[in-house]
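J.: Note that the protein sequences, when read in sequence, are chains A and B.
In terms of the numbering used here, the first sequence is numbered consecutively and its last residue is 234.
In terms of the numbering used here, the second sequence is numbered consecutively and its last residue is 242.
Rather than coming from a laboratory, the hints here were simulated on the basis of the structure.
Any given hint could turn out to be false.
To be verified - Once the Cα atoms are required to be at most 30 Å apart in a straight line, the calculated DSSO-like pairs of lysine-lysine come out as:
| hint | chain 1 | residue 1 | chain 2 | residue 2 |
| --- | --- | --- | --- | --- |
| 1 | A | K88 | B | K86 |
| 2 | A | K177 | B | K24 |
| 3 | B | K97 | B | K143 |
| 4 | A | K88 | B | K109 |
| 5 | A | K179 | B | K24 |
| 6 | B | K115 | B | K91 |
| 7 | A | K88 | B | K133 |
Fair warning: this is a prediction, and the values are worked out from it, not measured in the lab.
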Amino acid sequence: MAEIETAAQVVSATGSGWRVKLKKRWRAWLRALHRDIGYVAIGFTVIYALSGIAMNHIDDWDPNFHASERTLTIAPVPDDATDEDAVKLVATAAGTDGDTPTETLRAGDEVRLTYGSGTQVTAIGDTVTVQQRSSRFFFRVANWLHATRGKEAWKYISDVYAVLLLYLAISGLFMIKGKLGLRWRGTLLVGLGLAGPLAYIVLSGGPDAHKADPRTAGEPTRPADGIRMLPPEP
Amino acid sequence: MSERPDLDRYPELAPRWDRRQFIKSAAAGTLLMAAGGTLVRIAADDLTKKARADKRSDGRPRLPPGQRVLENLRAMGGQEGDGSVKTFALKVYGLCKTPFEVDYAGLLKLPTVTKAADVHCVTGWSMLGGEWKGVQVATLAEKAGVRGEARHVIFEAAHGFTANVPMKEATGDTSLVTWRLNGKPFPLQHGAPVRGLIPDLYFWKSAKWITGVRFVKDDIPGFWEVRGYHNHADPWKEERYG
Chain A
1 MAEIETAAQV VSATGSGWRV KLKKRWRAWL RALHRDIGYV AIGFTVIYAL
51 SGIAMNHIDD WDPNFHASER TLTIAPVPDD ATDEDAVKLV ATAAGTDGDT
101 PTETLRAGDE VRLTYGSGTQ VTAIGDTVTV QQRSSRFFFR VANWLHATRG
151 KEAWKYISDV YAVLLLYLAI SGLFMIKGKL GLRWRGTLLV GLGLAGPLAY
201 IVLSGGPDAH KADPRTAGEP TRPADGIRML PPEP
Chain B
1 MSERPDLDRY PELAPRWDRR QFIKSAAAGT LLMAAGGTLV RIAADDLTKK
51 ARADKRSDGR PRLPPGQRVL ENLRAMGGQE GDGSVKTFAL KVYGLCKTPF
101 EVDYAGLLKL PTVTKAADVH CVTGWSMLGG EWKGVQVATL AEKAGVRGEA
151 RHVIFEAAHG FTANVPMKEA TGDTSLVTWR LNGKPFPLQH GAPVRGLIPD
201 LYFWKSAKWI TGVRFVKDDI PGFWEVRGYH NHADPWKEER YG
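Just chain A, same shape as in the assembly (with noise of 0.2 Å):
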């Protein structure tokens, strides 16, 4: 059978007979399809597959962020330094006296300054914690298109990308015939696809099986006359 080139190709087939042309090459045109939306799909694949990786083991690192704090220790600013003294005192503790900082608040105990680049330099007492961090390459940005939180026009582009994927799994189904198609190979590697979540939530109980016996951990333990002493003020 003739390989279709592209998508076009396949429209450009229309015209008399073309139901006839349709029914005998119908999975040419599923396969050029197939690889055309394949090419579009692979950046959106890229992002999506990686930041979700990511993303999937934000309980492990952060996924957007590199962030280090540092504490020093420094005799406290005296209560009757002036404000621009008090900055000044706890810029050149840090080390940051070479920056203009866009903010400085002085507050209860506190001398906070917080400098363009985002880092924070905070007094308390007589200790200074700088707080600095820098993006991650490439899953700054991935991440933030992943997760469609508040960016309402890419969610409509992701909800498209979503489209192209079912298309490209279903179509994937129907491309090869035969022993290497739904006859048998690509039957059971559907089934081993599909067993796959559906032994996790069997396995794993669904939903809800994270439910914890309310007998042993849903309410404090009470004694029998209801009465829990309870420790002295300190």
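Position chain B relative to chain A; hints supplied.
T.: The following block gives chain B in isolation, referenced to the frame of chain A:
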């Protein structure tokens, strides 16, 4: 394991053989990484073992089921506020006789407390024994003259984030509007300059970049609650998903 075929003699087998080798290598690599990760996690989990043996003063286990202990908070994302102490303002309002708004310096002048509290993230980590400094939500409620019909508290944060908490938990002893953990200010990723703290519920209820505390009569499910997470979020009942 099958032996390598004579690919010089049967070159048509080369693509299939290469593919097989690739799949084998990929599978072996994945298994190795998974095993390594599991070993690292098990070896570093003494904190969790110790916490599992502890009890809280109310008799519940110190570590809720399905949690592991980390030494520090993890950054869990979210749409950050600007972190500015200059522009910070906390609005305390809703069903109140004397609603008010307070800036950062004003907040520090309110009666402050330092409370030891454990926090539990819905993703499975807990951080135990943090010393949190702030103002009790109960103090804010008292100052605002909250009316008797208020039943829920809506914690509002940057970019429209909200988290709903029943009045009982929101005004508990360790429920705070907090600006310091273990003597240090929060970095931006953890809610700077001020965040909520509701330690007896999953940590998403402790809104970062807090902007408001609103007292309401009827419950209003918040950002995560309308996205499939549990409306109440008790870690000891594993109320993770709705």
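J.: Hint by hint, note whether the structure agrees.
T.: For each hint, the structure was consulted:
Taken as a hint, the A/K88 and B/K86 pair is honoured in the structure, with Cα atoms around 18 Å apart against an allowance of 30 Å. Annotation: proposed proximity of A/K177 to B/K24 holds, straight-line Cα distance about 26 Å (limit 30 Å). Between B/K97 and B/K143, the direct Cα distance comes to roughly 9 Å. Compliance with the 30 Å bound is thereby established for this hinted pair. Of the supplied pair hints, the one linking A/K88 and B/K109 holds, its CA atoms being roughly 24 Å apart against a limit of 30 Å.
Only pairs whose Cα atoms come within 30 Å are accepted, and A/K179 paired with B/K24 is accepted, the gap being roughly 23 Å. For the hint pairing B/K115 with B/K91, the CA-to-CA distance comes to about 23 Å; that is within 30 Å, so the pair holds. Among the hinted pairs, A/K88 with B/K133 is consistent with the structure: their alpha-carbon atoms are about 26 Å apart, no more than 30 Å.
Violated hints are absent here; each numbered hint is respected by the structure.
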